[in-house]
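Engineer: Same order as they appear, the protein sequences are chains A and B. Sequential numbering from 1 applies to the first sequence in this note's numbering. Sequential numbering from 1 applies to the second sequence in this note's numbering.
Treat the hints as calculated values from the structure; they're not laboratory data. It is possible that part of the hints are untrue.
Stated by the list, open to error - Now the in silico label distances, taken between C-beta atoms and shown as ranges:
(1) Glu-152/B <-> Gly-44/A: 16 to 26 Å
(2) Gly-143/A <-> Lys-216/B: 54 to 64 Å
(3) Lys-595/B <-> Ala-245/A: 36 to 46 Å
(4) Leu-154/B <-> Arg-89/A: 33 to 43 Å
(5) Gly-44/A <-> Leu-199/B: 49 to 59 Å
(6) Glu-242/A <-> Lys-589/B: 31 to 41 Å
(7) Ala-542/B <-> Pro-222/A: 27 to 37 Å
(8) Ala-177/A <-> Gly-82/B: 26 to 36 Å
(9) Arg-89/A <-> Glu-285/B: 31 to 41 Å
(10) Ala-927/B <-> Gly-143/A: 52 to 62 Å
As the list claims (entries may be wrong) - Sample of chain B residues with no beta-carbon within 12 Å of chain A, all distances over it, derived:
(11) Asp-54
(12) Glu-306
(13) Glu-313
(14) Ala-437
(15) Asp-631
(16) Thr-636
(17) Pro-719
(18) Gly-767
(19) Asp-862
Just so you know, even glycine gets a beta-carbon here, dropped at the ideal spot from N, CA and C.
Residue-level listing of the chains:
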Amino acid sequence: MRLEDFQFHAPGKLAEATHLLSVLEGTARVVAGGTDLLADMKQGRLGAAHVVSIAGIPELRGIEDRENVLRIGPLETPNRIAASDAVLRRIRGLADAAGVMAGYQVRNLATIGGNLASAVPSGDLPPALLVAGAVVELTAHDGIRTVSLADFFLGPRKTGLGPDEILTAVIVPHLPAGSGVAYEKFQLRDASALAVVGVAARLTIADGVIATARLAVGAAAPTPVLIPEVAELLEGKPPGAEVFAAAARIASEEVKPISDLRGSAAYRRDLVRVLAGRALTRAEGRCRNEEVPSC
Amino acid sequence: MLNEITVTINGDEHHLGVRQNETLQDVLRLRLGLTGTKKGCEVGVCGSCTVLLDGEPVNSCLVLAASLTGKEVTTIEGLAEGGRLHPLQASFLHHGAVQCGYCTPGMLLSAKALIDRNPDPTEEEILSAFGGNLCRCTGYVKIVEAVQGYREFLDPEECPPCPPPDEESPYPVVGRSVIRKDAPDRVTGRAVYTGDLSLPGMLYGKILTSTIAHAKITKLDVSRAEAFPGVKAVITAKDVSNVIYGVSPARYDEMIFATDKVRYIGDEIAAVAAIDEATAQAALELIEVEYEELPAVFNVADATAEGAPVLHEKYPTNINVVVDQNFGDVEAGFAEADAVVSRSFTGNRTYQAPIEPHASLARWEADGRLTLWSSTQTPHYMHYMMARVLEVPMAQIRIIKPAVGGGFGGKAETTPLDFCSSYLAKVTGRPVMMKYARNEMFMHNRGRHRQEIELKIGVRKDGSITAVKQTVHLDGGAYTSFGIITTYYAGSMVPTLYKLPNYKYQGYRVYTNLPACGAFRGHGCPHPRFAFETLLSEAAEAIGMDDFDIRQKNAMTPNTSTVNELSILSCEFPATLAQARQASGWDKKKGHLPKGRGIGVGCGGFVSGAGYPIYRSRFPHSNAVIRVLEDGHAATLHIAAAEIGQGSDTVLTQIAAEEMGVPYETILMADCDSDISPIDLGSYSSRVTLMGGNAVKMAASRVKDQLFEIAGRRLGVPPTGLMAMEGRIFVAERPEVGMDWAEAARIAFSEAGPLVGTGFYEPPRLGGSYKGAAVGTSPAYSFGTIVMEVAVDLETGKVKVLDCTDFHDSGQIVNPTTAHGQVHGAIVMSIGETLMEEVLFTEDGQVRNPNLHEYLIPTAMDTPRISSGFVDSYEPRGPFGAKELGEGATLPIMGALGNAIYDATGVRITELPITPEKILRGLKEQA
Ligand SMILES: Cc1cc2nc3c(=O)[nH]c(=O)nc-3n(C[C@@H](O)[C@@H](O)[C@H](O)COP(=O)(O)OP(=O)(O)OC[C@H]3O[C@@H](n4cnc5c(N)ncnc54)[C@H](O)[C@@H]3O)c2cc1C
Ligand code: FES
Ligand code: FES
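With the rest of the complex left out, here is chain A (with noise of 0.2 Å):
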């Protein structure tokens, strides 16, 4: 196992990082907690002249409970988010999914950022992000735009992060009152183990009538995917065990799984409709506050 040769650069200041990058023209490679970054080199499956270190950028960190949204730096491991206060209040499927993200050691080193980045289709934090409809700052030397994270993946490791850009910030918007989001993740042993699927369901009920549905699902499709139909489907129903199974259906349906070592495609598509429906029912339950614990 060999790590080959690069120079490194460790810029303190965003704008140095993004000048940098914008010189270095798509010869560098940004690392973040390196988790993806290093295992992949070290294995031969990608290389780079540079590579860019964001690790010392300050304003890269911090998890802010703003008027609005949340707006989490993107050098936030999954420890820090599973722990955050604001997260559990936001979006609680986000630290549900960050608590069995990997092992403990790893959960230290890897960022929210580079999980996005690595756009690998079973990554664990997604699906919460997109029920819950995050958007993604993305930052040039030149400029900063704003990209919905379900226009943000575009295929298996594949983004529309520019090779000159930096993801600078994961913006939550904030969910109406009656709102729960809850995140289900199988896995072929129970730490340090990828997701062979992964729904996250986000509910927000109004008197008794389901007012806004999203369901998410990972390590299913090409990226991590929203299934609209079930909102369509769940949308000014009232929520309960029935509709909530036909809607794990249409979710098992619309997926389009592949065979690897994990899990048959046909089984995932068994896995999609279980875990959509219990994350349905965990959603459920957190609209009213109440915690249903997860299978």
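Using the hints provided, position chain B with the ligands relative to the given structure of chain A.
Structural biologist: This is chain B with the ligands only, laid out in the frame that chain A set:
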């Protein structure tokens, strides 16, 4: 270009110039010599490299050193302060949380961070903190207990690390949970494994292996690699011995490098030595190989089909081992049966996956001798094989076995690393270090054979077994390795547990273009035992009998010769059944659990050392020397038995202390070094406690005899009336009359020079006279029963193992804590093999999951509650009545787990591993 960094490591500030692509792990290990930080995977999965970075645990293999300025790093070497163990370290010693020790530094640092943020963690929180620290030895049980109990060690003055309170034992030393000899070094990061060694001028070697499963090599050009800066030597077949080697002499079929053709992806072609690992690796890519691809076969059916491509000319059918054994008359037996059940089973190809990767370091000394340090579990066979292949006398080679981080059979043979490091060291005149990266371990493999089993059992209405017929096809991979023995074991151990009046076994081992399989814990037996325990429960169901009743009915009894002429002396199998049944609450639970919950029983046992060596030799199997130090207050035990984590050094020193009548602490263990210690055949076939123990006991008794002579003279009594205990020699009938043991030893030394005792062990002649009768023979057999309870998620098929109740007959237990640790480790490893582990291949024979991220082994979070117990037993052929445990403990598990899953779901999965997906498919078919 170097980056300047200033970093605090274990409290000391270091100014270092580091390369841009250097990891924290390499800085610690290579620059600072802090090799307590281990290297098990290099990609963040195993956790053996865990250090604290600003107080938080991280994988040092994923941290770039260049980014460390201003940070604080704590490694295992920094945990003990002022020479005082950290309370966690003391607790790890006390609880026996250390086996091979390779995971231990990482575990301790994860635990340290946990108690720093939460001094009173719950069990759940502890398990979760260890989710990223893999251990292959302990089953995590004692590690969790050690964290739960650390507070008892907060004040080192008041409570120094001590063994747990005395267990019941008829002996002062044997039967006590003394602290392992090697554990203090392992909790402090001092233990040195082969890959941690460093010698002046050391080079690093790497091996180029085939990328095609079956091909003729048409061109091999190493010139560009030779010219690459930093490369010191490149060797190919023409530079090395062409002696054919292997494991069993009847099937030597390997060469250091492929000459004519390659037979699997991973077959060795050339090797490079260079100034560092990265350069050697880069140089491999410059070696040009051209292949003429040949058709290849990847499973038994294809390999045995008409016209299949042939791997080895000598075996034109690709079947390289055939066993055909027939005892009694099976057809008559089946005719007598009231019910005959039969089924096919598939045993999965699994990999030992020790957390320490294989390593080998060679140096040719000025006097022309070779010194080889290697992570081996069989130093003697390595010694023999190195001498054979290098064509030099054994005396010209010195084999040193440093600490070994787990083997489980995967380090039981001489590897290409050992040959290549030796040749490269010879050519370059410099020491050469070679290591397998994790994926190379999987490619070299030597894991468990995939077995296709046809099994048929006949029973009468009263449950008695009338006949058993078993046919097994083993997928062996490209070379034979241990395969002859595996093929025999797959059949010969079936009749040891239950009395079988008629038994027929046919075994076929088949060459395929995959990495070779070898010996893996329980060698050949776990899959047939899985099949047998499953089918026996089906037979019970067919005649309406309880699972336990049918087992009791047929259970082996002491002093029995089995149908295949294996001689069993001690046997408390019925007691293990009775106690497991009772302790698990079987009768209350079986048949009364809700759907989705299940309970199952399985049994198993193993040999206590093979009755015959692997190659014919006249050496006794185990040999020991004890030398008493001049002042009589300590003695060194010399025996080249291989401690690989199982605790054998501790058990052997306990036996020495017991027999000599001195405290355990006074026995020192000499290094496992062929120049220093006499041969022992090593750690395989669960042989060390019984065989090594007998040799040590003899050596100790010979020391004692000499002292009794002296003491008898001094005390004016005949030596035969004397006893020795706890450092005193006294008259058995008048214990107040006696003298100091050390005093007697000093007198012995002053009168006649060094006080030395030697001992050896050679098993009695065992076994029948039929072909293959030797395999399965052993001086003694272990027996065990386990009850497992599971919860199965009926919607996903996921199995959660909840509870295990295990009882073993392992004779007199020498060290209860290490013995329980063996059981825990065996259970968790076998749960992994049963539920999740399998080495998978692509259509062209490439390992699909050659890493610990995709080849999943259980984590702390996957560990059930385990209760382990030992029944009273005494083996007359064992030292102080002891016999084996380490391998036997794995055998009951697969069957018990399969039976529990069946009980929970009504689904019988006969193809291992029993994955959630297979269970769900079964549930759907049922609906
Ligand atoms: C043993 C192990 C187990 C794992 N298990 C899981 C799991 O269970 N679930 C899961 O989801 N993931 C898992 N992962 C992967 C997870 O650790 C990563 O996805 C992590 O979140 C990536 O973050 P990072 O900071 O380490 O990314 P890096 O490795 O630093 O970077 C990853 C990629 O993202 C880019 N990048 C990073 N940050 C930015 C940014 N701010 N702007 C632009 N580009 C950026 C990099 O250029 C690179 O291409 C596991 C990894 C390991 C090693
Ligand atoms: S060596 Fe770093 S996690 Fe395995
Ligand atoms: S003691 Fe944990 S890997 Fe050996």
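Engineer: Hint by hint, note whether the structure agrees.
Structural biologist: Outcome of the hint check:
no.	hint	verdict
1	Glu-152/B <-> Gly-44/A: 16 to 26 Å	violated, 48 Å
2	Gly-143/A <-> Lys-216/B: 54 to 64 Å	holds, 59 Å
3	Lys-595/B <-> Ala-245/A: 36 to 46 Å	violated, 20 Å
4	Leu-154/B <-> Arg-89/A: 33 to 43 Å	holds, 37 Å
5	Gly-44/A <-> Leu-199/B: 49 to 59 Å	violated, 29 Å
6	Glu-242/A <-> Lys-589/B: 31 to 41 Å	holds, 35 Å
7	Ala-542/B <-> Pro-222/A: 27 to 37 Å	violated, 50 Å
8	Ala-177/A <-> Gly-82/B: 26 to 36 Å	violated, 56 Å
9	Arg-89/A <-> Glu-285/B: 31 to 41 Å	violated, 53 Å
10	Ala-927/B <-> Gly-143/A: 52 to 62 Å	holds, 57 Å
11	Asp-54	violated, 10 Å
12	Glu-306	holds, 32 Å
13	Glu-313	holds, 36 Å
14	Ala-437	violated, 5 Å
15	Asp-631	holds, 48 Å
16	Thr-636	holds, 39 Å
17	Pro-719	holds, 60 Å
18	Gly-767	holds, 42 Å
19	Asp-862	violated, 5 Å
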